[in-house]
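Based on these hints, arrange chain B on the given structure of chain A.
Protein chains: 2
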Amino acid sequence: MIHLLSTLLAVWLGLAVTPSSAQDPLPSWRDGPARQAILRFVDTVTTPGSSGFVPPPERIAVFDNDGTLWVEQPAYTQLLFALDRVRALDPQNPDWATREPFKSAIAGDMAGLAAAGERGLLELVMATHAGMTPEAFQATASAWLETARHPRFGRRFDSLVYQPMLELMSFLRTRGFKTYIVSGGGIELVRAFAERVYGIPPEQVVGSTIVTTLVQQDGRAILIREPKVDFIDDKAGKPVAINRHIGRRPIAAFGNSDGDLEMLQWTTEGAGPRLGVIIRHDDAEREYAYDRASHVGRLDKALDMASARGWTIVSMKTDWATIFPGTP
Amino acid sequence: MIHLLSTLLAVWLGLAVTPSSAQDPLPSWRDGPARQAILRFVDTVTTPGSSGFVPPPERIAVFDNDGTLWVEQPAYTQLLFALDRVRALDPQNPDWATREPFKSAIAGDMAGLAAAGERGLLELVMATHAGMTPEAFQATASAWLETARHPRFGRRFDSLVYQPMLELMSFLRTRGFKTYIVSGGGIELVRAFAERVYGIPPEQVVGSTIVTTLVQQDGRAILIREPKVDFIDDKAGKPVAINRHIGRRPIAAFGNSDGDLEMLQWTTEGAGPRLGVIIRHDDAEREYAYDRASHVGRLDKALDMASARGWTIVSMKTDWATIFPGTP
Numbered sequence: 001m002i003h004l005l006s007t008l009l010a011v012w013l014g015l016a017v018t019p020s021s022a023q024d025p026l027p028s029w030r031d032g033p034a035r036q037a038i039l040r041f042v043d044t045v046t047t048p049g050s051s052g053f054v055p056p057p058e059r060i061a062v063f064d065n066d067g068t069l070w071v072e073q074p075a076y077t078q079l080l081f082a083l084d085r086v087r088a089l090d091p092q093n094p095d096w097a098t099r100e101p102f103k104s105a106i107a108g109d110m111a112g113l114a115a116a117g118e119r120g121l122l123e124l125v126m127a128t129h130a131g132m133t134p135e136a137f138q139a140t141a142s143a144w145l146e147t148a149r150h151p152r153f154g155r156r157f158d159s160l161v162y163q164p165m166l167e168l169m170s171f172l173r174t175r176g177f178k179t180y181i182v183s184g185g186g187i188e189l190v191r192a193f194a195e196r197v198y199g200i201p202p203e204q205v206v207g208s209t210i211v212t213t214l215v216q217q218d219g220r221a222i223l224i225r226e227p228k229v230d231f232i233d234d235k236a237g238k239p240v241a242i243n244r245h246i247g248r249r250p251i252a253a254f255g256n257s258d259g260d261l262e263m264l265q266w267t268t269e270g271a272g273p274r275l276g277v278i279i280r281h282d283d284a285e286r287e288y289a290y291d292r293a294s295h296v297g298r299l300d301k302a303l304d305m306a307s308a309r310g311w312t313i314v315s316m317k318t319d320w321a322t323i324f325p326g327t328p
Numbered sequence: 329m330i331h332l333l334s335t336l337l338a339v340w341l342g343l344a345v346t347p348s349s350a351q352d353p354l355p356s357w358r359d360g361p362a363r364q365a366i367l368r369f370v371d372t373v374t375t376p377g378s379s380g381f382v383p384p385p386e387r388i389a390v391f392d393n394d395g396t397l398w399v400e401q402p403a404y405t406q407l408l409f410a411l412d413r414v415r416a417l418d419p420q421n422p423d424w425a426t427r428e429p430f431k432s433a434i435a436g437d438m439a440g441l442a443a444a445g446e447r448g449l450l451e452l453v454m455a456t457h458a459g460m461t462p463e464a465f466q467a468t469a470s471a472w473l474e475t476a477r478h479p480r481f482g483r484r485f486d487s488l489v490y491q492p493m494l495e496l497m498s499f500l501r502t503r504g505f506k507t508y509i510v511s512g513g514g515i516e517l518v519r520a521f522a523e524r525v526y527g528i529p530p531e532q533v534v535g536s537t538i539v540t541t542l543v544q545q546d547g548r549a550i551l552i553r554e555p556k557v558d559f560i561d562d563k564a565g566k567p568v569a570i571n572r573h574i575g576r577r578p579i580a581a582f583g584n585s586d587g588d589l590e591m592l593q594w595t596t597e598g599a600g601p602r603l604g605v606i607i608r609h610d611d612a613e614r615e616y617a618y619d620r621a622s623h624v625g626r627l628d629k630a631l632d633m634a635s636a637r638g639w640t641i642v643s644m645k646t647d648w649a650t651i652f653p654g655t656p
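Protein chains in written order, with the numbering used here: chain A, 1 to 328; chain B, 329 to 656.
Next up, chain A with everything else stripped away, as it sits in the complex (with noise of 0.2 Å):
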C-alpha cells in the first residue's frame, strides 16, 4: 500500500512538474540532435493543447529487442543459447553425433554451422526450445540467464542491455507511453527477462512463435510447444504482429536493423507526429561496429530510408555517454 501510494504520487509529481524543471530523464544521453529530437517529440504529443497531442492511451512505443535494447554481437544471444542447449540434451540424442547441424553445434565448428544456413539454425532452435510447455521453457531460459556469460564482455547477457534504452523506456512510461518489445527473436525467451530487465511485461512483448498445442494429459491441459515455426516476427511480420497484438498503429518505433525497416515504416506513415529511431552500432571500442556488410543485424536499407524520410539515427559512439548498467 505504500508502495502503491508513493508510486501515485510520484506519478502525480511527474506530471505536475514542467519538463524544464524535472530531474534530467535521459542522464546517459548526451546533448545533441537525437537527443534533442526525442525531447522534442514527446513534448509535442503529451502537451494538452498541442496541435500534435496525443492522448495516452494511443501513446504506443515499439521496440526492437536484438540490437536495440541488448547487444546482438557476437551471435544473436538466442542463437548462443540454443548452442548451449544442444550441448547439454547431447546425450539424449547419440543421433545427433553424426547428425548436422548438431555435429557441428557439438563441435563448436562455426563453419560447419554457417554450412548448414539458416535452414540449419532453425533446425537447432526448434530442437532444443520445443516438446515442453512455456512455463518450462522459459525456466530453463531464465536458468541459462544466470550461468551463461558474454564471450567478450564476460558479463550476463541481461546485464548487457543498453542503459540510455533503459532511460528512454521508463521515461516514455513516466509520460504515458505504453512500451512494447517487437522482437525477431522467440518471444517466451524475450518474456524470460523482460519484466525484470525492462520493466515491460508479458503482455507487452511481440515476438516470433512456434506452434503451440493444448493437450490433455491425465485430466489437465497442458501447453506444449511444437518444434514447428508458426510466425516470424520479423521484416513485414513486424507491423502484421503489432496489428495483432496491439490493435493499433505505434506513434514511435525504436530499431537497428534492416529487420526493422517495415515497421518503422509502418509506424511513421501513420498521420500526425511520428518518431522513428535507428540505434547505429559505430562503437568498436565500447560495443561493436557494423552496419551494411554484418551478418548479424545488418543495417543497409534501413540506413538508407532513415535518411531519406528524416528518421533520427542515434549514434552509440557520440550519443550515449554510458552502454551498460553499471558501467563509465
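If you're looking for bench data, these hints aren't it; they were derived computationally from the structure.
These numbers were taken from a predicted model, which means no experiment stands behind them.
Warning: the hint list may mix true and false statements.
List time: in silico DSS-like cross-link candidates among lysine-lysine, alpha-carbon distance up to 27 Å [to be verified]: (1) A:LYS178 / B:LYS506; (2) B:LYS556 / A:LYS228; (3) A:LYS235 / B:LYS556; (4) A:LYS301 / A:LYS235; (5) B:LYS563 / A:LYS228.
Not everything, but these chain A residues come out facing chain B in the computed CB check (under 8 Å) [stated by the list, open to error]: (6) VAL205; (7) THR213; (8) ALA236; (9) ILE246; (10) GLU262.
Sample of chain A residues lacking proximity to chain B, with all beta carbon distances greater than 12 Å (derived) [as the list claims (entries may be wrong)]: (11) PRO94; (12) GLY112; (13) GLY131; (14) ALA306.
Glycine included, C-beta positions come from ideal geometry on N, C-alpha and C.
Showing chain B alone in chain A's frame:
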C-alpha cells in the same frame, strides 16, 4: 489534467476504503451463491496478507464475448454482419447470384445457408471481411453497428450487452485486474466497439484472425486482410492464444459455451485461487434459454465440467436483476 487527477484520486480512494464501506459495485447482481463466490474470490486475491493474495500484474481476467458479454441469438452477430455485407456487395459480384452460399445469403434462405455448413459460412465471412486494411474493416463494422438492429429487440447490437458483466469488468479493474476479451469471433470486429462499450482497449482483445499481409503501395506500407484463415480462437485455441498474447495464465475466466471449456479448464487448473464462471442462458423471457441442444453457443460438456469442478454457474434468470443497460 483535471480528469487525470480526479482519476488518480478515485483510484486512491477506491484503494483506501474497505470493501464493506464502499458502494455496491455490482448493483445488477442479485444476492446469491454466484455473486457471493465472485466477491469472495476478488477479496481473497486482493487482500494483502491473505494466503491467496495475487499481485496486481498477475490479476488477469479473460472474458468470452458472444453469449458472455453480448447476445449471440438467434445467430452470432458476426454472421448477421456478414450477411448484410453480402447484400451490400452483391451489385459488385454478379457471380454470387448463382453461387452458393452467396445465393442463399442474398435470398435470406436460411435452409440453403444451413446446407452450406460451417465451410459455407466461413466463405461468406472471408468474402466480406477481406481485401481491405484493418482500419477500413473496422470503419465498415462501426458503420454497420450504427444502423443494424437486432431482429427481436429492435436495438443496436452493441447495446445488447449484459449490464451485470459491464459492472463486473469495471469492478475487477478497480481492484487491479486487467480485463481481456478472448473471443471466437474476429478480433477486428470486436475491436470496433470493445473500447467504447466495454472499456477494453484493442490490445486487450484476443480473437480469431485472418491472414494479414504487409504490401508496398506507392512507397507506403499497407496492411491488407486476406481471405484466408490465420487462427481460430475457439476451444483448445483459446489457451494457445492467451499464452501468445498475454503470456500469463489468467486467474479468472468467464464463458458460456463449450467453446470456452478449455479456457476455463486451463485457467482454473493453475495454482492458487482461481475463478471459473459459466453464464447460463435460462431466461427465455428477458433474453434466451438454450444449452445442450443449441447450435449457437452450445453448453453441454462445459456444463458437466462446471459441476464436476465446482465452477460458478450464473443463472441469468435468478442472478441478474437487469440484463441490458437501460432496461428494468
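Problem set entry | Hinted pair LYS301 (chain A) and LYS235 (chain A), Cα distance within 27 Å | It holds: about 12 Å lies between the C-alpha atoms, which stays within 27 Å.
Exercise. Are all beta-carbon distances from ALA306 (chain A) to chain B longer than 12 Å?
Worked result: The assertion about ALA306 (chain A) holds, with a minimum of 15 Å to chain B.
Exercise. Does the nearest C-beta of chain B fall within a distance shorter than 8 Å of the C-beta of ALA236 (chain A)?
Worked result: holds (4 Å)
Exercise. Regarding the assertion that GLY112 (chain A) does not contact chain B, is the least Cβ-Cβ distance greater than 12 Å?
Worked result: holds (34 Å)
Problem set entry | Restraint outcome when THR213 (chain A) is required to lie within 8 Å of chain B by C-beta distance | holds (7 Å)
For this session: Would you check whether VAL205 (chain A) satisfies its interface hint, that is, whether its CB is within less than 8 Å of any CB in chain B?
Result: Cβ of VAL205 (chain A) sits 6 Å from chain B, so the hint holds.
Exercise. Taking the closest pair, is the beta carbon of PRO94 (chain A) still more than 12 Å from chain B?
Worked result: holds (33 Å)
Exercise. Is it true that the CA of LYS235 (chain A) sits at most 27 Å from the CA of LYS556 (chain B)?
Worked result: holds (21 Å)
Problem set entry | Hinted pair LYS563 (chain B) and LYS228 (chain A), Cα distance within 27 Å | holds (21 Å)
Exercise. Taking only the CA atoms, is the gap from LYS178 (chain A) to LYS506 (chain B) under or equal to 27 Å?
Worked result: Status holds; Cα separation ~14 Å.
Problem set entry | Proposed proximity, LYS228 (chain A) with LYS556 (chain B) (alpha carbon, max 27 Å) | holds (20 Å)
For this session: Take a quick look at GLY131 (chain A) and tell me if its Cβ sits farther than 12 Å from every Cβ on chain B, holds or violated.
Result: holds (16 Å)
Going down the numbered hints, you'll see the structure goes against none, and every one checks out.
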